[in-house]
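The listed protein sequences derive, respectively, from chains G and V. The numbers in my numbering rise by one with no breaks, and the one at position 120 of the first sequence is 120. The numbers in my numbering rise by one with no breaks, and the one at position 27 of the second sequence is 262.
Please note that a few of the clues may not be correct.
[Unchecked claim] Negatives, chain V to chain G, calculated, CB over 10 Å: (1) Ile-250; (2) Asn-251; (3) Ser-267; (4) Gly-277; (5) Lys-284; (6) Asp-299; (7) Pro-333; (8) Ile-389; (9) Asp-394.
[What the hints assert, rightly or not] Only pairs whose alpha carbons sit at most 27 Å apart, straight line, appear in this in silico BS3-like list of lysine-lysine: (10) V:Lys-365 - G:Lys-229; (11) V:Lys-365 - G:Lys-232; (12) G:Lys-167 - V:Lys-365; (13) G:Lys-199 - G:Lys-78; (14) G:Lys-104 - G:Lys-4.
The set of hints was computed from the structure by calculation and includes no laboratory data. Just so we're clear, the structure is a prediction, and the values are computed from it rather than from any experiment. In this text, a Cβ means the ideal position worked out from N, Cα and C, and glycines have one as well.
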Amino acid sequence: MDNKTIEDEIYDFIDEYFSDELAIIDEELGFIENNRLLTPCIDYTYMYNFLSDILTKFKIIDPNFSSITIDKLNNDIKNMEKNYNLFLQKSSNLQSVFKSTFVKRSLTLQNYTKSILDLQTTQEKSEEQFHILKQKKQNLVKIREVYFPIFKDIFLENISVIRSDFKTCLNTKLYYFDKLLWGAAADSNVIVRHMKIRKMEGKFSAKEYLKFIMSLMRPYTDEYKYLEKCLKVYR
Amino acid sequence: MTEYTTDEIEEFLKINAQESDTDSDTMKKLLSVQDKIKIFKGIAPNELKSIVYDLQFMRYKFKDHVVDQDALSEVIYFIIDGECQVFRNRIKIGELHPGSSFGESGAIFGYKRNATVICASKSATLLSFKIDQENMEFASRALATLYRNLAAEINVKLDELNKQVATKK
């Protein structure tokens with residue numbers, strides 16, 4: 001069996017194994033490209049918890065806050081985060097994916113295993129059959145040894161591409177979510193007045209808001225460090 | 236994926252159009268002096284925006300300390316106007332003029348400051364900023380260029396030191 005055949009089999013497996021993820025990415029990237037959306041160079045991917053909390057807070061301050069678009073984006077991102085985490089789980093254990101999924105689905109390996117099982121279940125085996133069985137078992141180990149490094153290379157390369165595409169899609173949606181959220185907040189008289197009453201200085205903006213809430217917090221806590229990281233986004 | 240209406244797509248496109256107008260004054264200033272900062276050579280303005288953060292205009296009075304030797308800091312400075320002097324172990328080792336930048340190595344490698352910088356004119360205005368080295372996912376090219384420029388800068392300084400050592404011998 002040549003390497004090309006093995007590679008094709010592995011590529012087919014990956015297409016099938018990650019079919020849900022690939023379908024999501026195709027749709028999301030198509031959406032970005034067809035609508036000429038921006039794919040920002042700034043990393044927003046860790047911002048979801050912060051932005052989602054802010055949305056909830058703003059809705060409490062101003063019950064009329066938000067828009068259908070903001071809510072749609074919020075749901076979209078929540079689902080994408082869920083799917084991304086599932087993907088990470090699915091791709092985290094290479095050995096396990098190879099042994100418990102790929103080996104069971106590979107036609108070549110399956111056929112070979114089946115021929116061993118058939119021979120094993122044959123009662124009253126001749127000496128020659130015993131020899132063949134032993135040989136086949138050794139061959140199966142060797143075949144797996146040939147498959148694994150090829151599988152590892154292709155699998156790792158593919159999950160890196162899928163991971164990167166997922167992050168690009170998430171980042172784009174988070175970018176628009178962030179912009180729309182702060183735009184709507186700045187347009188809400190109730191929120192702007194509320195922040196003025198709480199003595200927030202300067203023009204209402206994401207950066208000023210973050211600085212203000214951080215000034216009220218105890219530094220060096222996990223939450224403070226997380227918000228400090230979020231502040232980076234607003235340059 | 237949720238379906239978005241044409242009006243909603245329009246909202247996204249409005250954000251695209253506003254993108255270049257939303258730069259802060261400090262960011263506009265940094266972009267206008269980008270070509271004077273050697274470690275930013277060859278980095279596209281959009282990419283530069285993705286690797287710098289915490290930009291601030293800092294004003295200093297005569298004898299104010301901008302950085303102190305042995306202090307830990309991630310900040311890089313660019314002198315817009317005014318003069319500064321550099322001291323190492325209280326001995327003056329140099330002067331910095333408008334258009335100079337300093338603090339790059341300490342900021343990027345996390346080393347302690349190897350000199351103290353003091354404002355030497357009546358006043359000085361500096362632009363300070365930090366580098367977001369964690370953004371490898373979306374700004375790897377810009378960061379790679381930055382590190383290459385920094386390596387080149389360090390190489391130039393090493394060459395100068397070697398020449399000084401050779402002259403003394």
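Verification of the hints:
no.	hint	in the structure
1	Ile-250	violated, 5 Å
2	Asn-251	violated, 6 Å
3	Ser-267	holds, 15 Å
4	Gly-277	holds, 15 Å
5	Lys-284	violated, 7 Å
6	Asp-299	holds, 23 Å
7	Pro-333	holds, 23 Å
8	Ile-389	holds, 26 Å
9	Asp-394	holds, 33 Å
10	V:Lys-365 - G:Lys-229	holds, 13 Å
11	V:Lys-365 - G:Lys-232	holds, 9 Å
12	G:Lys-167 - V:Lys-365	holds, 24 Å
13	G:Lys-199 - G:Lys-78	violated, 33 Å
14	G:Lys-104 - G:Lys-4	holds, 20 Å
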